[in-house]
Amino acid sequence: MNYQSEVSPDARKFKSIGTRPLRPDGLDKVTGKARFGADVSAPGMLHGVILRSPHAHALIKSIDTSKAEAAEGVHAVVTRADFGSDFDNPDVMDNVMAGKKALYDGHTVAAIAASSEAAARKALKLIKVEYEVLKGVTDVDAALAPDAPILHEDMVPDGVDPAPTKPTNIAHRHEFGHGDVDKGFKEADIIIERSFKTEAAHQGYIEPHACLATLGSDGRGELWCCTQGHYYVRELCADLLKIEESQLRVTASEIGGGFGGKTTVFIEPVALALSKKSNRPVKIVMSRNEVFRASGPTASSSVDVKIGVKKDGRITAGFANLRYQGGAYPGSPVEFGAMSAFACYDLENVKTVGYDIVTNRPKQVAYRAPGAPMAAFAIESVVDELAKKVGMDPIEFRLKNASSAGSKSSYGPTFSDIGLALTLETAKNHPHYSAPLGPNQGRGVACGFWFNFGGQTSVSLAVNADGTVGLSVGTPDIGGSRASLSLMVAEEMGVEYEKVRAIIADTASLGYNDVTDGSRVTFASGIAAIEASRNACKVMCARAAKTWGIPEDAVVWEDGHAKPAGSNAGDFKPMSLVEIAANASSTGGPIAGHHEINADGAGVSFSTHLADVEVDPETGRAEVVRYTVFQDAGKAIHPSYVEGQFQGGAVQGIGWALNEEYIYDNEGRLQNPGFLDYRIPVASDLPMIDAVILEVPNPGHPYGVRGVGETSIVPPLATVANALAAAAGIRMTDIPMSPPKVLKAIDEAK
Amino acid sequence: MRYEAPETIDAAVTLLAGEKGVARVLAGGTDLIIQMSGDMIEPDLIVDIKRIPLLKQISEEDGGFRIGAAVSGAELGEHAGVCALWPGVVEGVELIGSTQVQGRATLVGNLCNASPAADSVPALVAANAVARVIGPKASRDVPVSEIATGPGKTSLAAGEFVESVFLPARPDRSSDAYLRFIPRTEMDIAVVGAGVSLTLDENDVCTDARVSLGAVAARVLLVEEAAKALIGNKIDDKTLDNLAAAASAAATPINDKRGTVEFRTKVSGVLAKRAATIAADRAKGKK
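Just so you know, the sequences run in chain order A and B. Each residue of the first sequence is one higher than the one before, counting from 7 in the numbering used here. Each residue of the second sequence is one higher than the one before, counting from 1262 in the numbering used here.
To be clear, the hints were calculated from the coordinates, so they are not data collected in a lab. Wrong hints could be hidden among the right ones.
What the hints assert, rightly or not - Covered stretches of chain A, as calculated for chain B (at least 3 residues, CB under 8 Å):
id: 1; segment: 196 to 203
id: 2; segment: 621 to 635
id: 3; segment: 657 to 669
id: 4; segment: 742 to 752
Owing to the predicted nature of the structure, the values given are computational and were not obtained by experimental measurement. Quick reminder that beta carbons are idealized off the backbone N, C-alpha and C, glycines included.
Construct the entire structure; sequences and hints are all you get.
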């Protein structure tokens, strides 16, 4: 759909859109009333616990569960033998419950359901697993060495010419670009080549994975879980448990953070299998240790970048070779990294190559703009150096090369109206950019890009007899979508925001909904909510027409009222939504609206970040003292939530830049599976993150919405690195830039 | 597992001495409960000492202060007398955990957990504090530096526990300070810690000093060479450089997930220097 005519300037004056009403989930969350994954129980419920591999790479020779099965309170023990074969999602199955091999420290090997958690834990120790420990590999570059241990004997990469004859740890090769980079580098006056590494970062959601499952011998079940996509959970569980989708009703709980990490299944199929075997409801709640060891962090990466530039600051060619390890199975986000790497720049000659690599780590899961932050770190670091080399202001340098409407993007499509230059110009003119710096402080700038996504959405709404509106959506609310969707319904129907109540309906209630990901919900579910509202308004116009005895098309919906239009204009007193709703039973019955789409036209979103970083030259400790985000939101529906998304992404990016990392020992065991040594920033670590919302409307949405959830995590790694370079004269190429590394670099630069 | 909450020290001693399995003392529980939920220990007996009135007290004694084993960090931080006499010890305690943890965590618990990175211990060692140990035999007074023998290990015999810690009186123009290095600003564990206690004369010359380092050896170190660098000198740049060099030389850290040998060695000196500066300013009466 194209809504160009609706988003053109002054096309519409909004009443609800752009206001900042109270969030609908706030009171429940601060009073403890909200029901998260672990907050429900059922009569006769059992507690499920999981036995995990202590080895990073091992053959599972045998599993003896007999003693555990006989233990007090134990109702069921499951291993891979309790699942079938021939799955549509074999890697998901193998990740949920190990088959022939344990492929990472924490890989699920067996599970027990018992009458208490204590009984289950006690019985866990009675399961005897015979392992043959194999050599493992956790580093992305080490996985490519000729003598590297091979995870999958059948893995031969696609996209590689000539195809290797022996198995490798490379699952896929991707290539993007246009023009002739060799020619471009010949034209360059200055070329910088650098290599970068980033460690894996966990999404760091506060709520661990949790679920409550029932599954009977008749193949009917129910599942309550914290997820970003309960329809996808249903699809995967139906595949793994060999049941029909219609027979499994999945309800998404309130969610304590997802950031992409709750877009697959871990414990849900296990709980269903235990329930089926025990014929009881089974609850599983992951510990934090399990979350770190066995749910998805993002990929770690190793990236080589080469960029050439003319003395006048024009980039002549850009090349990047990106290697991402995504854990034990294919699917690292290297393709997105290779696509997005140079998206900010209008280049004649550009090429990126990406390798998807497997290692003995937990399978990576999407994390906010998956794959893009690592690529942006490498590119934006080199861009910063080039600007310095040619003697240009880093913002001017970027403006000179910035993508704009009509630029052919490095990944193929040609951009339409985009906000990159606007974010750069606004940053340049912002007081932050010219504020004086203190001793040991430096300022950094970097840009970021994210594609955004549309996808399948089904929305239904009901006009209640008292004039209120119930809104049912199938996309779990991880970033304020109940508020933004309610605002859109309020705007369309002309009712107050407070009269609309949005819920996340279960899988039996609506058509299929894709996962909440790709910053898609306010965009795609938003279109569906608007169209469903228009749908209901049309019904209400028809009811008014019927009452007045005029044709349906002679009635329009304006300001919450049906009004006679055209030749009938002014003939009847406008009829309010409240009146129409009250009389619905005598004019044709309930009034509802619904809409289903597979939305395209998600507008890309760009941002520019500014950071001031102070470095302690004696300890290498870097502190962000000021930070401002400038991002194109298309149209901010609820500006406070938009600012929250800008701030949240920046904070997660700063944490990743400075201290967050997966640390493995030589045996491939994770050394920091907890928030003590996996250091996400705490509130006192950070200044207020200032957020500047810019609005270049996206014609793909009736109000111009662009997804805003992800772009904000793309620039911080490079923004902080560039600020550190300015503060201490060191170019950090290894993320995280933790104090020991920074101090070493400072001392070496002396 | 048995849980007991006796109301007298004698009853606590009897319980602990009588247990054949694994017995643990519960004060704030901010280490014990974490260890239990992390499957690191499974005690057969837990003796909660918070109901013993004497252990909840801070009392003046010979110009110093005796701090009971169940006194929380928050209570200690609100005690004007201790804050004035031993500000470095108090700031060490107040770095443990978070505001919420401070309501429970205790100085003595931090000592007896025997972590080389314990935040209150370097300042206690620098203060030359003395632990009173009670048990089935006669009670004994032990320098705090002798409580921990290695990570997680103490010199306490079966049935013994630390009843209190005594912070002695000190001359005028004396003070102390504790600093730790963490990558974040709170909710973290020391990568390096440094405690300095010193006394200055009327001419600002250091007449007495004790310097202690945490997280750079298997137990908290008392660094005599570092103290020697201070004693007899004004706390100027040269003295501080000598102090830093002595502190770095004494550190015998390991490489682990929290830091490297190289980093910890250097930062030992940096923190000792900065802590000495703060302690000297305090001794001179500067805020």
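Tested hints:
Closer than 8 Å: that is the beta-carbon criterion, and the segment 196 to 203 of chain A has 0 residues meeting it against chain B, so the requirement of 3 is violated. Using a Cβ-Cβ cut-off of 8 Å, 4 residues of the segment 621 to 635 of chain A lie near chain B, which meets the minimum of three, so the contact claim holds. With 3 residues carrying a beta carbon less than 8 Å from a beta carbon of chain B, the segment 657 to 669 of chain A meets the three-residue requirement, and the given coverage holds. Counting residues of the segment 742 to 752 of chain A whose beta carbon lies closer than 8 Å to any beta carbon of chain B gives 5, which reaches the threshold of three, so the coverage claim holds.
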